[in-house]
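S.K.: For the protein sequence lines, the chains are Z and A, in the order given.
If you read the first sequence in this note's numbering, its first letter stands for residue 1, the second for the next number, and so on.
If you read the second sequence in this note's numbering, its first letter stands for residue 1, the second for the next number, and so on.
Treat the hints with care, as some may be off.
When the alpha-carbon atoms are kept at most 20 Å apart in a straight line, the in silico DMTMM-like pairs for lysine to aspartate or glutamate are as follows [unchecked claim]: (1) A:K37 <-> A:D332; (2) A:K64 <-> A:D292; (3) A:K116 <-> Z:D194; (4) A:K116 <-> Z:E188; (5) A:K116 <-> Z:D200; (6) A:K274 <-> A:D193; (7) A:K116 <-> A:D331; (8) A:K116 <-> A:E357; (9) A:K337 <-> A:D326.
Hints are computed from structural coordinates only; laboratory data are not their basis.
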Amino acid sequence: MLDALINALWILLDPFRLMMLFTGVAMGIAVGILPGLGGLMGMALVLPFLFGMDAYAGVALLIGIAAAVPSADTFPSVLMGIPGSSGSQATIMDGYPMAQRGEAARALGAAFTASLIGGLIGALALSAVVPFARPLILAFGSPELFMLTLLGLSMIGVLSGNRPLKGMLAAVAGLALGTIGGAPVAAEYRFAADFLYLYDGLSLVIVALGLFALPEIIDLLARGGAIAERSRGLGQGWVRGAKDTLQHKWLVVRHSIIGVAIGAIPGMGSSIIDWVNYGIAAQTSKDRSQFGKGDVRGVIAPESANNAKEGGVLMPTLLFGVPGSSAMAMLLAALMIFGVQPGPQMLTRDLDLVFVIIWSLALANVFGTLICLLLSKPISRLTFIPFQYIAPVIIVIVVVGAWQETRHWADLALLLGFGLLGWIMKRSGMPRPPLLIGFILSGLAERYLWMSYNLYDWAWLLRPGVLTIGALAVFLVVGSVMLKRSTERSTDALQHADDDRKAPGREDKP
Amino acid sequence: MSMPKTRHLTALAAGLAFATASLLGTAQAADDYYDGKNIRMIIPFSAGGGTDTFGRLISQYLGKHIPGEPTIVAENVTGAGGLLGSNEFAERVDRDGTTLMTASGHLNLRAFLGLKGLRLDLDELEPVVAAPMGHVTAISTQAGIEEPGELMEAQGRLTKGITDPVGLLESLVALEMFGLEYRAVPGYGGRGDTRIAFERGELMINTQSTPAYLNSVVPLVDEGRVMPLYAIGFIDGDGNPVRDPAVPDMITAPELYEQIHGEMPSGTIWEAFKVTVPLVQNTRGTVWAHGDIPEEAMAALQVGVEGMLDDPEFQEAAGNILEGYDIMWGDDLRQIKASMAAASPEVLDYLRGMLNERFGTEFD
Numbered sequence: 001m002l003d004a005l006i007n008a009l010w011i012l013l014d015p016f017r018l019m020m021l022f023t024g025v026a027m028g029i030a031v032g033i034l035p036g037l038g039g040l041m042g043m044a045l046v047l048p049f050l051f052g053m054d055a056y057a058g059v060a061l062l063i064g065i066a067a068a069v070p071s072a073d074t075f076p077s078v079l080m081g082i083p084g085s086s087g088s089q090a091t092i093m094d095g096y097p098m099a100q101r102g103e104a105a106r107a108l109g110a111a112f113t114a115s116l117i118g119g120l121i122g123a124l125a126l127s128a129v130v131p132f133a134r135p136l137i138l139a140f141g142s143p144e145l146f147m148l149t150l151l152g153l154s155m156i157g158v159l160s161g162n163r164p165l166k167g168m169l170a171a172v173a174g175l176a177l178g179t180i181g182g183a184p185v186a187a188e189y190r191f192a193a194d195f196l197y198l199y200d201g202l203s204l205v206i207v208a209l210g211l212f213a214l215p216e217i218i219d220l221l222a223r224g225g226a227i228a229e230r231s232r233g234l235g236q237g238w239v240r241g242a243k244d245t246l247q248h249k250w251l252v253v254r255h256s257i258i259g260v261a262i263g264a265i266p267g268m269g270s271s272i273i274d275w276v277n278y279g280i281a282a283q284t285s286k287d288r289s290q291f292g293k294g295d296v297r298g299v300i301a302p303e304s305a306n307n308a309k310e311g312g313v314l315m316p317t318l319l320f321g322v323p324g325s326s327a328m329a330m331l332l333a334a335l336m337i338f339g340v341q342p343g344p345q346m347l348t349r350d351l352d353l354v355f356v357i358i359w360s361l362a363l364a365n366v367f368g369t370l371i372c373l374l375l376s377k378p379i380s381r382l383t384f385i386p387f388q389y390i391a392p393v394i395i396v397i398v399v400v401g402a403w404q405e406t407r408h409w410a411d412l413a414l415l416l417g418f419g420l421l422g423w424i425m426k427r428s429g430m431p432r433p434p435l436l437i438g439f440i441l442s443g444l445a446e447r448y449l450w451m452s453y454n455l456y457d458w459a460w461l462l463r464p465g466v467l468t469i470g471a472l473a474v475f476l477v478v479g480s481v482m483l484k485r486s487t488e489r490s491t492d493a494l495q496h497a498d499d500d501r502k503a504p505g506r507e508d509k510p
Numbered sequence: 001m002s003m004p005k006t007r008h009l010t011a012l013a014a015g016l017a018f019a020t021a022s023l024l025g026t027a028q029a030a031d032d033y034y035d036g037k038n039i040r041m042i043i044p045f046s047a048g049g050g051t052d053t054f055g056r057l058i059s060q061y062l063g064k065h066i067p068g069e070p071t072i073v074a075e076n077v078t079g080a081g082g083l084l085g086s087n088e089f090a091e092r093v094d095r096d097g098t099t100l101m102t103a104s105g106h107l108n109l110r111a112f113l114g115l116k117g118l119r120l121d122l123d124e125l126e127p128v129v130a131a132p133m134g135h136v137t138a139i140s141t142q143a144g145i146e147e148p149g150e151l152m153e154a155q156g157r158l159t160k161g162i163t164d165p166v167g168l169l170e171s172l173v174a175l176e177m178f179g180l181e182y183r184a185v186p187g188y189g190g191r192g193d194t195r196i197a198f199e200r201g202e203l204m205i206n207t208q209s210t211p212a213y214l215n216s217v218v219p220l221v222d223e224g225r226v227m228p229l230y231a232i233g234f235i236d237g238d239g240n241p242v243r244d245p246a247v248p249d250m251i252t253a254p255e256l257y258e259q260i261h262g263e264m265p266s267g268t269i270w271e272a273f274k275v276t277v278p279l280v281q282n283t284r285g286t287v288w289a290h291g292d293i294p295e296e297a298m299a300a301l302q303v304g305v306e307g308m309l310d311d312p313e314f315q316e317a318a319g320n321i322l323e324g325y326d327i328m329w330g331d332d333l334r335q336i337k338a339s340m341a342a343a344s345p346e347v348l349d350y351l352r353g354m355l356n357e358r359f360g361t362e363f364d
């Protein structure tokens with residue numbers, strides 16, 4: 001086993017294959033920085049070149065892209081409050097307020113260091129666990145998956161900050177919006193009115209871009225000035241951020257493991273991972289007051305999970321041939337082109353390819369985050385340029401990011417619609433993340449609830465996995481409420497009036 | 001007397017010369033038609049799926065063998081389960097041979113049945129090249145039967161995972177043919193998800209493509225947890241069952257029926273089976289061109305296909321992607337449309353009725 005691991009490293013260190021890895025990383029960074037695109041698109045671009053390439057080089061190229069996107073997608077999330085990809089939406093919550101305070105480089109430094117460690121943990125987890133992963137992955141049936149969606153929904157409380165009722169309202173609206181389109185378990189098309197575009201439901205990319213990007217752009221243009229409100233200079237920059245992450249190393253480890261675990265479960269998708277990790281980080285911290293206002297932990301947790309998940313999603317992809325995320329579907333196509341059949345025998349027949357994948361994941365994370373760290377200082381200067389100069393470019397990029405999915409005029413109409421909704425929500429103090437969570441989980445929750453019932457009638461409620469996850473969700477919610485109360489009690493005694501609290505109606509928080 | 005002969009000879013020579021010239025003229029036109037043009041290959045599915053990979057394989061290799069060497073660019077036009085891309089191909093592109101579409105066998109079936117919202121009419125199209133794929137149905141050993149012949153004595157709730165009922169039509173028609181009581185469990189994202197659920201013990205009956213069966217289900221068979229029932233198999237031009245070349249030792253569904261009941265199946269369901277299977281046989285992918293494109297274009301495409309099939313690079317690439325099956329072209333392809341034409345209204349009504357009643361699928 002160990003010599004196979006070392007042997008795979010030698011295979012990868014071939015100049016052409018390394019070049020493919022670097023090309024992949026470069027493409028992944030480019031695709032990650034542009035909001036709305038994702039790893040899937042980058043990989044689709046290189047698919048024609050895979051014909052005739054040797055399997056190791058092709059795999060290095062694809063993994064390079066897949067591993068670099070979750071690192072680079074932090075740039076737009078932190079700098080502009082625009083989700084770089086569906087995996088870095090939660091980073092906006094605290095990363096963007098930090099940028100507004102002039103601490104963009106610190107946020108980026110923390111994020112990239114967390115991404116680096118998280119990605120390496122993901123690769124390590126993949127190599128350590130994959131021989132045993134099959135029974136673990138099989139343990140999650142429809143009932144357990146339903147409970148996981150409930151766990152995701154229980155994050156709404158913590159994501160609503162001080163406005164729990166408004167948060168619930170937003171979440172319910174999100175659940176409702178998620179029902180548009182084909183019903184998960186029947187041939188019904190809801191709210192589609194024979195308009196074919198809506199048969200697949202609303203696109204997450206467009207909803208996220210509309211809800212977060214457009215309101216920010218509008219408000220920034222209205223306020224005038226630059227993204228960073230106070231021209232403090234870049235501060236201590238990324239070194240400070242890196243130190244922050246190393247200080248919270250157990251946070252990084254914990255959330256990387258959660259990211260890998262959720263990524264490894266086929267059927268959950270990967271868009272929920274960053275939110276769940278952000279939620280758990282907030283729920284389990286003693287001092288939660290700065291979450292949503294620029295707490296660096298709110299950047300570290302989702303970012304480490306976002307990168308670690310790549311190791312997780314590879315498990316069902318390689319072991320079962322079932323893609324753990326949409327980017328993994330491309331990897332499966334590539335494996336097919338190379339004549340490699342995913343499945344349990346990969347560990348015997350194609351073990352060297354599996355290890356090349358793992359090494360590519362590790363090296364791509366290292367190179368990707370190093371390049372991002374180097375770019376962080378120059379790129380974060382953008383936060384000091386008066387916004388009216390960069391707004392047109394950003395608007396074009398956001399519109400193209402929304403448009404490129406189906407190139408249908410309705411993409412643009414929806415983008416505008418959600419932009420308007422997001423702006424209204426921002427103005428009226430209604431938190432937007434619960435809406436997004438409700439939207440993401442709506443289809444999954446309904447699907448798994450019906451499937452559980454169809455398979456087991458009501459007996460599924462008594463399964464051990466169901467009871468465990470249910471208990472975990474309750475524990476997290478109750479525990480976090482208790483933690484919050486005890487923190488408030490102890491800080492009340494020391495607290496003075498908060499001068500930084502802004503006037504009501506003027507909301508900066510997402 | 002020599003004068004008339006010379007005149008005849010001259011006339012003959014002139015006639016021959018004229019004929020040769022016009023032949024050359026046609027060849028010239030076929031050579032020129034695609035010169036400097038691009039061909040757009042619409043793939044109505046998302047990148048990374050089996051049909052997408054087949055479409056991209058063809059896009060990669062067909063272009064260089066078509067006279068004029070056009071570049072073929074694959075484009076995913078996704079949405080509504082393939083409807084958006086199909087409708088675009090059917091209605092919004094020029095019919096001059098510069099657009100092709102790669103459909104899956106199940107998309108063909110949807111078009112054939114007239115799924116609501118799908119405006120693709122296969123009668124207006126001509127198949128260019130296709131790739132088949134067989135399917136195998138297996139059952140969990142928890143059903144308590146020891147061999148396929150005991151199928152009708154299977155116990156327990158026979159849950160079958162449903163991804164998209166039209167997409168599984170051939171396996172559903174086979175179950176209906178046997179008259180087996182099964183409980184449909186809709187909601188699975190894809191056949192891969194049903195395969196995992198099958199392995200987990202969540203589902204009792206499962207149909208997979210033959211390569212997926214050989215790769216992922218056979219280990220379960222070896223462990224004794226699962227048992228193969230039958231291969232869906234293929235149907236030849238005379239309506240007889242043909243064994244799946246990838247699993248030639250496995251009994252086909254019609255043959256199993258014969259083994260259990262002593263005679264071959266008959267009636268509307270059997271007719272429906274005979275119609276469904278050839279259409280779905282091309283599950284991997286069918287490349288369609290519009291039927292009314294200029295003749296030179298059609299001729300050039302055919303030349304391209306023949307050249308591509310002889311290309312050793314293509315053969316090597318195709319070997320991996322087609323997973324053991326051969327490309328279908330020429331006469332084999334014509335069987336697709338022939339079986340469509342042979343379908344009686346009763347068969348269509350039966351299929352639509354079954355899908356509508358059980359799954360609520362709607363048709364135009």
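S.K.: For each hint, tell me whether it holds in the structure or not.
M.R.: Against the structure, the hints:
1. Restraint check for K37 of chain A and D332 of chain A: the C-alpha separation of about 29 Å exceeds 20 Å, so the hint is violated.
2. In summary, the hint linking K64 of chain A to D292 of chain A is not supported, as the alpha carbons are separated by about 23 Å, beyond the 20 Å threshold.
3. Restraint check for K116 of chain A and D194 of chain Z: satisfied, since their Cα atoms lie roughly 9 Å apart, inside the 20 Å limit.
4. Restraint check for K116 of chain A and E188 of chain Z: the C-alpha separation of about 12 Å stays at or below 20 Å, so the hint holds.
5. For the given pair, K116 of chain A sits about 15 Å from D200 of chain Z by alpha-carbon distance, which is consistent with the 20 Å threshold.
6. Simply put, K274 of chain A and D193 of chain A have alpha-carbon atoms about 28 Å apart, too far for the 20 Å limit, and the pair is violated.
7. For the suggested pair K116 of chain A and D331 of chain A, the alpha carbons sit about 31 Å apart, so the restraint of at most 20 Å is broken.
8. Taking the CA atoms of K116 of chain A and E357 of chain A, the gap is about 15 Å. The hint holds against a cut of 20 Å.
9. A distance of roughly 19 Å separates the Cα atoms of K337 of chain A and D326 of chain A; the hinted pair therefore holds under the 20 Å criterion.
In this structure, the earlier hints numbered 1, 2, 6 and 7 are contradicted, and the remaining ones agree with it.
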